[in-house]
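Asks: Make the full structure from the sequences, and use the hints.
There are 4 protein chains.
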Amino acid sequence: MKKIKVGVIGASGFTGEELIRLLLSHPFVEISYLSAIVDTPIDISQLFPKFKNRLELVCKNLDIEEATGRVDVVFLALPHKVSYTIAPKFLTKGKIVIDLSADYRLKDLNIYEKYYKAKHADHKNLKQAVYGLPEFYREKIKKAKLIANPGCYPTASILTLAPLLKENLIKNIIIDAKSAITGAGRKPLLEYHFAHLYGNLFAYKVFGHQHLPEIIQILSEISNKEVNLRFTPHVVPVERGILVTIYANLTKKITQEQLNNIYQKYYKEEPFIRFFKQKLPNLKDVVYTNFCDIGFQCEGKNIVLVCAIDNLIKGAAGQAIQNMNIICGVDERLALV
Amino acid sequence: MKKIKVGVIGASGFTGEELIRLLLSHPFVEISYLSAIVDTPIDISQLFPKFKNRLELVCKNLDIEEATGRVDVVFLALPHKVSYTIAPKFLTKGKIVIDLSADYRLKDLNIYEKYYKAKHADHKNLKQAVYGLPEFYREKIKKAKLIANPGCYPTASILTLAPLLKENLIKNIIIDAKSAITGAGRKPLLEYHFAHLYGNLFAYKVFGHQHLPEIIQILSEISNKEVNLRFTPHVVPVERGILVTIYANLTKKITQEQLNNIYQKYYKEEPFIRFFKQKLPNLKDVVYTNFCDIGFQCEGKNIVLVCAIDNLIKGAAGQAIQNMNIICGVDERLALV
Amino acid sequence: MKKIKVGVIGASGFTGEELIRLLLSHPFVEISYLSAIVDTPIDISQLFPKFKNRLELVCKNLDIEEATGRVDVVFLALPHKVSYTIAPKFLTKGKIVIDLSADYRLKDLNIYEKYYKAKHADHKNLKQAVYGLPEFYREKIKKAKLIANPGCYPTASILTLAPLLKENLIKNIIIDAKSAITGAGRKPLLEYHFAHLYGNLFAYKVFGHQHLPEIIQILSEISNKEVNLRFTPHVVPVERGILVTIYANLTKKITQEQLNNIYQKYYKEEPFIRFFKQKLPNLKDVVYTNFCDIGFQCEGKNIVLVCAIDNLIKGAAGQAIQNMNIICGVDERLALV
Amino acid sequence: MKKIKVGVIGASGFTGEELIRLLLSHPFVEISYLSAIVDTPIDISQLFPKFKNRLELVCKNLDIEEATGRVDVVFLALPHKVSYTIAPKFLTKGKIVIDLSADYRLKDLNIYEKYYKAKHADHKNLKQAVYGLPEFYREKIKKAKLIANPGCYPTASILTLAPLLKENLIKNIIIDAKSAITGAGRKPLLEYHFAHLYGNLFAYKVFGHQHLPEIIQILSEISNKEVNLRFTPHVVPVERGILVTIYANLTKKITQEQLNNIYQKYYKEEPFIRFFKQKLPNLKDVVYTNFCDIGFQCEGKNIVLVCAIDNLIKGAAGQAIQNMNIICGVDERLALV
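Residue numbers (numbering that gives the first Met the number 0), protein chains in the order written: chain A, 0 to 336; chain B, 0 to 336; chain C, 0 to 336; chain D, 0 to 336.
Read the hints as simulated data drawn from the structure, not as lab findings.
On a predicted model such as this, the values are computed, not experimentally measured, just so you know.
Among these hints, one or two may not hold up.
For chains that are exact copies, the list does not tell them apart, and a pair is met inside one copy or across any two.
To be verified - Within a straight-line C-alpha distance of at most 30 Å, the following computed BS3-like cross-link-like pairs (lysine-lysine) qualify:
hint : residue 1 : residue 2
1    : Lys59     : Lys267
2    : Lys139    : Lys126
3    : Lys300    : Lys165
4    : Lys118    : Lys88
5    : Lys51     : Lys165
6    : Lys276    : Lys204
Replies: Structure, rendered in structure tokens:
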């Protein structure tokens, strides 16, 4: 098979680095272009010694002309408000764009502006962007030119809740999410200093995290009704992974077996969803994988659901590659198991 | 002042070790007796090299005769079902007993039996035991002979919720608790292996943790009504500390300022409660201290409260010493700041 | 290509688990037999939920008859003193045995007895066992029936020192090694408790570690002279990896460039050795890989060399698979990049 | 007793923060002045919530006039090259200055310039500065006006080596040091990001660390001969502590008992040195204490010594307070046990 030529824009961040790491084991991919904000062009193996003897490629400041000439598919591992200025330039050249920022996820411009403090500058492409959650949008993804790759918290939250919401089985939803610090991006801030996070634990952005409207929009769309919920993220002192604990009330009497069957119905064929009948997931079982592990327990009308993913893989780079695989018509699991 | 002679029964566990560490800086305490299950009597500084040059005392298997002769106050840092066989022997000799196990916390024998899988063997003393939460039981503690020292999760949960429950301000309470692994005690189990917990995170005992009935009993007693709530504990990969995130609904409209005032009303004079008006607590600010940090945020009828304590100090050994100080009539803060 | 049928004996330990994880991505391998000491046969995905949806196989107590019937190659991820009772049973059936224990590494029976406190019970196979360090024994490995897979410390130490020793360039060697706790194996001991290791750091077995004679034997063999050195291992609170810092004196004047050339000479074609000309390796760049990163610095006659490997991969399971690949005549890198 | 009024200049760094934490438990100290580089004056409990309800004091940019009026003793927790511009201003006002930077440690101006890349600007005070290692300079410290508080690596290295060097018992010394990241100071650098250090381990400044000349100068002075040694520091992923492993050769035959006696001779009366006869120190036994734990093992002419300290306490803030206690004539252990 002819290799897919792939570029990573924003190669110096955590997700850019993880994209490269995963793509290196993809049998049909050639990494052909890398860019990041750098003082001077630099070998990627100089920037990340882990890639020594694995990838010979220079990482430089983005040159759109050169980049569009070199790639079939481009991953934008960029901050929001930057992606929407870059994506159109690749799209007009007919390239596939998989955007890992938040820029093409929210369809409501006012909500985007409220949570991201900026006016969206690419309304046209926003409309055609497909939300890259294969478990619910696979058919659309197959034909997409622009993927809005889901956020890490939304991936875990939506995959856990969507089946029960579609079936009208739950209400009064509260998501207590715990994330590794890599979710915040690679920034030289004092609050990310090893000594500040080691042994630490805290909640942040309690009612105002930008992933809240994303979760609500997608769950409402999937379940075809207005969804309401509370969401509180926390930082835990680990390098990778998100664990979400979700509290809700069942809307009617239902057995554990019936609930199992509902998850089976939605996810039986899904290569990256693992549903646990008898136990709750551990974060450690999913790190360094593209798996999304889900489990739950009930007591009366109360249900507690737990979901674990690797925030950098199923929550970012891995899911982005899964989307690329779907678009390119190759085995969805390539580079991911 | 004449020194208080203090014994620690169960000196080899995490709370026993922490009791010794803290008591060593108490100006009016002489540690006069140590016991643990040991093969042969052993210097405490042999068992814990951290106590070398700090404490010269042999730790041996419990000899009640000797122990009662040596102490004024005894801390039982024992597993439940053991404490209730030991406590009476010290009480009959007129010694003050501060029990850090769960044995004297639950007043309902059926609930004790359900959660601890044993019939309680000391009904008499159970009745007179005082729950050692100074912020709500200080007057009773002053006169107590037997203290049921609170559990770690209950300490954080009750101190955060009691003011709002007493004032009838909240309902629909969900406690999502995150604890260091030391809360589980020092046991040589594979699941506590460093490699199993490093980078890991998980929920456990979702509807059945033994601290749930303790939280309910005490909150019901304090607020003088039947309290109902959900409680899910998690293990996070840190050595010390508990962070609880509590979700609830306000029962009426109330301003942030009014809520602040309520906390001030209850805790203004409390030496170990720190209430944050504008921010949420970080776990790291309380480890190695006896402080309980509390903060909250509201949006509409929804309130999120966060509380942080050191599980081994305010959640165990520190609070036990605070109780001893109260009983002995010395400054409550001794050895604790 | 017909699949190689592979068994893992000792599937419940860290190296057994890692063998399975890596072998699952090997295109020409079928994992066909798993055993461990278990109370009752158990699905491997029950034992390790990380393998759910990845491997359907029961792990049971070793049944030699069944095992030999099911495998072409068997990995023994067993404690020393056990391997030498098991290996012969597979060898007599014509199976390839890759032993990850220490049992077939030391050729001198007295030294084995001194360091492992047991009389070796399989002299015959010991003689024909090939030390599985591909960089120096590749030709012998190709024809081997029994591989003594190197220890983790020896792998890092030998790969760093062998080129300079063969060239007679160094003397007065001191190895200060720092290892993740997984090097000690999965045992439910108090000293491996998360709370004991978190934030801790210590040296152990200062003059008597069992890897010392292994390092000496192999380096002496490779460099064809009697090698002498000091070796002190430490435990650091990480999950994976070994970093060795080696101190030595140069035996003659030599430039940095000449030293670089020597490493190039030995390792230019090696797929898993990465030699750094200008910098020293970081542990983090090799974890989850089969790479061995080496760098050095000189000042006058003093040289400091640093080497990093993942103790569970290049130091155990990865190297074992590398050996299997060589024996089976497939690309040495399969399942390893 | 009248309280000693104490100022901390550089209150926002790790050592400044630790000085405050420790001084808060000093019975004879009043913290009376705090400064740091801040945008605007800020409550110290706002900067460090851990000090809420413990210290009411504003931290502001240094105002020498105000500072000298408010303190008896000042701790300079400043970067090198800053201290030597500040110290003289306090000294001329007759204040005691305890400088935790490197500025007054090295007596040779050329060496200072070589390692700190600056010309020293306060030759006069440099001459009278006393090296604040109480175990060897206590008498001079008693009369000092300006203390050069030792570096963290030098404290551990010198305390371990000095007795054997004074007795002419060792040569060929190599120090392999492992430090927590807090030794590098609180700076918002990418290399200190939690995700970069978590699970990582590396050597740095192999032949050129600025603590090397400090160790050599002081050991030469104490042992009255020219000392030569090699020193390689490493960063380990912990928050606190330094463990040094020292390799050397004995210059003559000597028994373990005789070596023990030598350490006894030097350190028997020292309140913060703990010498272990039969075992090697663990880092964990000294963190959060001012202790320096030392142990060793011998084999033939080879000796391996291990020393552990808390880098922020005995390696910085604790030792500084120990020096203050000595100068002020109070119990040396106050605020430190």
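Asks: Of the numbered hints stated previously, which ones are contradicted by the structure, given in increasing order?
Replies: none
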